[in-house]
Structure formats: C-alpha cells, structure tokens
Amino acid sequence: MQLLNLYNCLSTYLVIGALLFSFGIYGMVVRRTVIGMLISSEFILAAASTNFMAFNRFLAPDPVIGQIFTLFIMAIAAAEAAIAISIMIAVYRNYKTIDTDDLIDLQG
Amino acid sequence: MQAIVCQPAAAPMLFSAEGMVGVIFLLTVALVFTGAVIAVSARRLVRAVAGLAVCFTGLAGVYYFLLSPFLAMMQLLIYVGAVSILIAFGIMMASPEEKKGTGMQNRSLLAGPLAFSTGALMFAALTVLGLKTEWQVFPRQGSFDIKAVGMALLTTHSLVFELISIVLLLAIIGALVLAQRGRN
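In the order they appear, the protein sequences are chains A and B.
So the first sequence is numbered by this note's numbering: it starts at 1 and just counts up by one.
So the second sequence is numbered by this note's numbering: it starts at 1 and just counts up by one.
With the rest of the complex left out, here is chain B:
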C-alpha cells in the first residue's frame, strides 16, 4: 500500500503530546460530522443553521491541523461569523418553516432513499478515488507562514485579488438592489 501519504508515518503513543493531538483531531472530525448531520437532517431550518455553524467550527479546526491557522481564523470569521448569521437573518425575514405533515404527502416516496443513495454513491466513489490513487509528493519549496501568503496574494495573484474585491463590491450592490426591489 503505497497510496496513503502520511507525514510522518510513525504512530504516536496515546499518552504523549502527539497522542493528545491525535485525540483532539478525532474530536474535531466528530464535530464536523455531527454538525453536517444536523444541518442536512434537521426539520427546522434554524437548527440546520446551528448545525452549519457547528460543522464550520470543526472545519476551522481541520484547517488548523492542515498547518494553516490563518485559514482557520478566516473560516471562523467568514463562515461562522458572517454566512451563518446571514442565513439566520434570511430565515427570520422569510420564515420558511418546512411544512409539517403536508410536505410528506405530495412528495414522491422515492425522494428520501434516492437522495440518500445519490449521496452514498458520491461518497463511495470519491473515497475509493482518494484512497486508490498513487499521489505524487513533490519536494517542498515554499513555506506555510502567513507572510508568504501575503506576499503571494499581492504579487503573483494580485489580479485575482482585485477581481475578488470587485466581485464582492458588485455582490453588495446587487444584494441591496435586489432586496430593495418590489418594496412598497
């Protein structure tokens, strides 16, 4: 089995610093999983948004384990702090509670199992693909630190950086115009 890339490959003892890190990682993954299950299966949408926030908090931990504390902080700020709150406001303004009881009758019986099998097939296929592929590890040249990220953002990727800012500006203006339209 050459396919699985582990750096370093040695497993730590349970009662050591690295072992504790491993336990914390398992807890983080459990947080991601729990949040995702709540977000897609909760009947009330407010609970789904809470599950979304929990899942993205766990995902920030996963980013931390991927050696990027900067992205972990951005995940907390943007997703947990902004997007979840935005969706919560949307729920409050439009109050779209899913129909209880009535919603089940006019929907096809196959919808639930079909959706589940679609998701399970996707998961199986992507997992097999990820585990079976022989990934090539290239020799590392750069570093992970935030200074390198800032330098690359303002030199190599500066055009995309500017484009993103224009996209965000247009999104703000467009959201204002769309929400304003049709108002009495």
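Looking at chain A on its own, in the form it has when it is part of the complex:
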C-alpha cells in the first residue's frame, strides 16, 4: 500500500507546501478585511517553512540548516503579525473601519 508510505516521500511535503501557498494566494485575493489578508499571509509563510523542512529532511547534507531557517521564518512571522495588528488598531482608531474598501485615501 503506497498510500501509507507517503510520509517518507519528498513530493508529499512539496504538495502540502504548494497547497498552503495557493490557499494563501486565494485568501489574499478574496478577503476584504486586513485581518483576513494577514491570516492568508501566514499561510504563505507556513508554505515556505514546510518546503524548507522537507528539503532539510530529504536532500540537505546537514539537516540543521533547514530547521534554523524555519525558526527564523517563525520569528519574522511573529514580528510581522505584531506590527500588522498594531497598525490595524491605529487605522481603526482613525477611520473606525479596517475594511479594504473604505481605506481609499491614496486612490487617485
């Protein structure tokens, strides 16, 4: 049963990463609030981490590098989420909304 050996195959993890990335792209386009887009961007970062971890497990000569890089991606993602949330709170205080349709001051 080849289905049960999927966890030992590189391509499984690459497909999982591609799936997460495309979910992130889809949510990025279809979401109408800034927080929804933030959630989607987390998916894109998670897809990158998954790819790093997969190549780290199967191909890399030194399996430490991928783990450390994934750790850095996590730190950057946490910082990005904190900054994005505080920007949203500041925007909400000024505009009383964070809907992307209403934040159009820069629209010519």
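What you were told as hints is all true, and nothing was included just to trick you.
Interface residues of chain B toward chain A, partial, derived using beta-carbon atoms under 7 Å:
| hint | residue |
| --- | --- |
| 1 | P12 |
| 2 | G19 |
| 3 | V40 |
| 4 | L52 |
| 5 | L71 |
| 6 | I78 |
| 7 | F123 |
| 8 | L131 |
| 9 | F138 |
| 10 | A148 |
| 11 | A152 |
| 12 | A179 |
Output of the computed footprint for chain B on chain A, the stretches with three or more beta carbons under 8 Å from beta carbons of chain B:
| hint | stretch |
| --- | --- |
| 13 | 13-22 |
| 14 | 29-39 |
| 15 | 89-95 |
Read the hints as simulated data drawn from the structure, not as lab findings.
Just so it is clear, CB atoms sit at the ideal spot from N, CA and C, and this is done for glycine as well.
Following the hints, put chain B in place on chain A, whose structure we already have.
The following block gives chain B in isolation, referenced to the frame of chain A:
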C-alpha cells in the same frame, strides 16, 4: 520515475507499526487541509482564526514527521499559542466583521473565480515543478538532534540569531508606539 525521493521506498503493511504511522500522517494532512479551507473560506473572521489554529496544529504534526520535534513544539508555541491569539485580540479590538450582503454587491463578479483560478494555477505549477524535478540527494553529514541545532545557532549562525533578537525587540517597541499613537 526517478523523480520521487522516498526514504525508505518500501511500503509498510496496514496492520503494523509503520502502517499506523502512515494512517496518522494521513490524518495530520487532513487536519492541515481542513484548517486551511476553514481559514480562507469562513465568513466570520473568528472562525477563520480558529481554522488557522487547527491548520497550524496539523502543520506541527507534519514537522514532527519531518524528524524535527523541536520545530513542532515551536510551531505550537509560536503560531498556535501566540500568533493566533494575537490575531484573535486584533479582531476583538477592531471588530471587523465582513459585511454581509452589502459586501457582495460592490465587488466585481469576477473576484471569486479569478482568485480561485489564481490559486489553482499556482498549485498546479508548483506541484508539477515539485514532482518533475530530479532532486539530487546529497550524502548526509550532520544529525537531526536538538543539540546540533543549538550548537549551530550559537556558532555558525550567531550573527543572524542576534539580528533576529534585535528585530523582535524593534517589533515590540514599534507595535507599542503604533498602538499608542492617536489615543485620546
């Protein structure tokens, strides 16, 4: 078909220890998939955050299968424990419920199908790329254990380690300043 790298390549029986591991892996992937679908398609943002937490819990399981229990724990701590909670707080403070009914009228009819086809094209292209490429396996030199990770983090990658800590500090201060500004 040389392209697919499987180590080991032999498939286990269903009723054996390895077979059970395979079943658990399929459940984990199902968790990732379900969480991702909920997170991008839920109408209420609180449910989307719950889907995000579910998806990242499953992803921690995937990291465990990639032989890194340390990263699995970090995924649970940072993403499920911190980032999801942070986004939930953001939703509570700004209460940005997506407009019901009104949101659909002023948006272009093409937005949904266009977004879906963009995502599907990305998925197809990346999957074909991943499956068709002839990956080269290099002989392994290091080990997976956490001690090696700690040693590399504090010797080879120490500069990046320090930079990350400065970035996190600046992010904390910046978030405080930004959230403070404009407060009455």
